[in-house]
Amino acid sequence: MTQMQGRGWSRRGVLAVAGAGAVVLGMPVAGRATPQEADDFAKKILGGAAAKSGKVQLIVKDVAESGANEPVRVVVDSPMSAADHVKAIHVIADGNPFPGVSSWFLTPKSGKADVAFRMRLAKTQVVRAYAVMSDGSVWQASQEVKVTIGGCGG
Amino acid sequence: MTNPSIKTRIPGKAKKGEIIEIKAQISHDMETGQRKDAGGMPLARRIIKKFVCTWNGEVVISADWHTAMSANPLITFYALAEKSGAIKLAFHDDNGEVYEASADVVVE
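Quick mapping for you: the protein sequence lines, in order, are chains A and B. The first sequence begins at 381 in my numbering and counts up by one. The second sequence begins at 15 in my numbering and counts up by one.
Keep in mind that the hints are not guaranteed to be accurate.
As the list claims (entries may be wrong) - Think about it this way: if two alpha-carbon atoms lie no more than 27 Å apart in a straight line, the pair counts; the simulated DSS-like pairs of lysine-lysine are:
(1) B:K102 <-> A:K492
(2) B:K102 <-> A:K467
(3) B:K97 <-> A:K441
(4) B:K50 <-> A:K503
(5) B:K97 <-> A:K492
(6) B:K50 <-> A:K492
(7) A:K467 <-> A:K503
(8) A:K526 <-> B:K50
(9) A:K423 <-> B:K37
(10) A:K441 <-> B:K37
(11) A:K467 <-> A:K432
(12) B:K29 <-> A:K492
(13) B:K29 <-> A:K467
(14) B:K50 <-> B:K27
(15) A:K467 <-> B:K97
(16) A:K503 <-> B:K64
(17) B:K102 <-> B:K27
(18) B:K37 <-> A:K467
(19) B:K97 <-> B:K27
Bear in mind the hints are in silico, worked out from the structure with no lab data behind them.
Produce the complete structure using the sequences and hints provided.
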């Protein structure tokens, strides 16, 4: 103990290190998805259709307050008529244990293509939103969200 | 986990052709299956995996949810007012249970 004191180990410093260790141990051990896995997942749910930029508005903060509970809203520019409407909205995260977040299936009865929910973010990552239109075209928007406190799977 | 309860905000009245906002929250842990308990044993996955909203029995919107949906999911979406009747929300749990809420809306 005398040696440690000599090297400047303060009680506060030791506690801080122990606390950080506890947080790391509390994290899930499972791996994170990679952007490649997110691409593959997107390809699977979109049936390989190429996504164009535009029409989709992904509303999420640049810096998440909490990785456990981040508000996300997706708005798609569409008249939502029987002839021209959004059929599906898919939200995908590049850096979570599983890339899929949620898929919403809309109808002309939805009135407008506008959905909001809260999501978990395990770390700083890119979030993507895809919209599939009734004519089969696919539109996309993405944004990086910085996360300081991860979702930790819970 | 205690039995999930559902809170909704649905207007009681709407004009024909109006687009109404619907908000709903269900109390649910949305356990991801990635966490471990104090003894190091994995906690089984249990989430709401599917959500469906109908109005007079016709689907307004439905959704597939994954583990990245937050605990106690709070959602906002819209519905086109066509005729009076019940709006029903159904949340499908991994364990097979379905939790439902419904509200009557008068369309004038």
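Index of numbered hints that the structure contradicts, given in increasing order | 3, 6, 7, 9, 14
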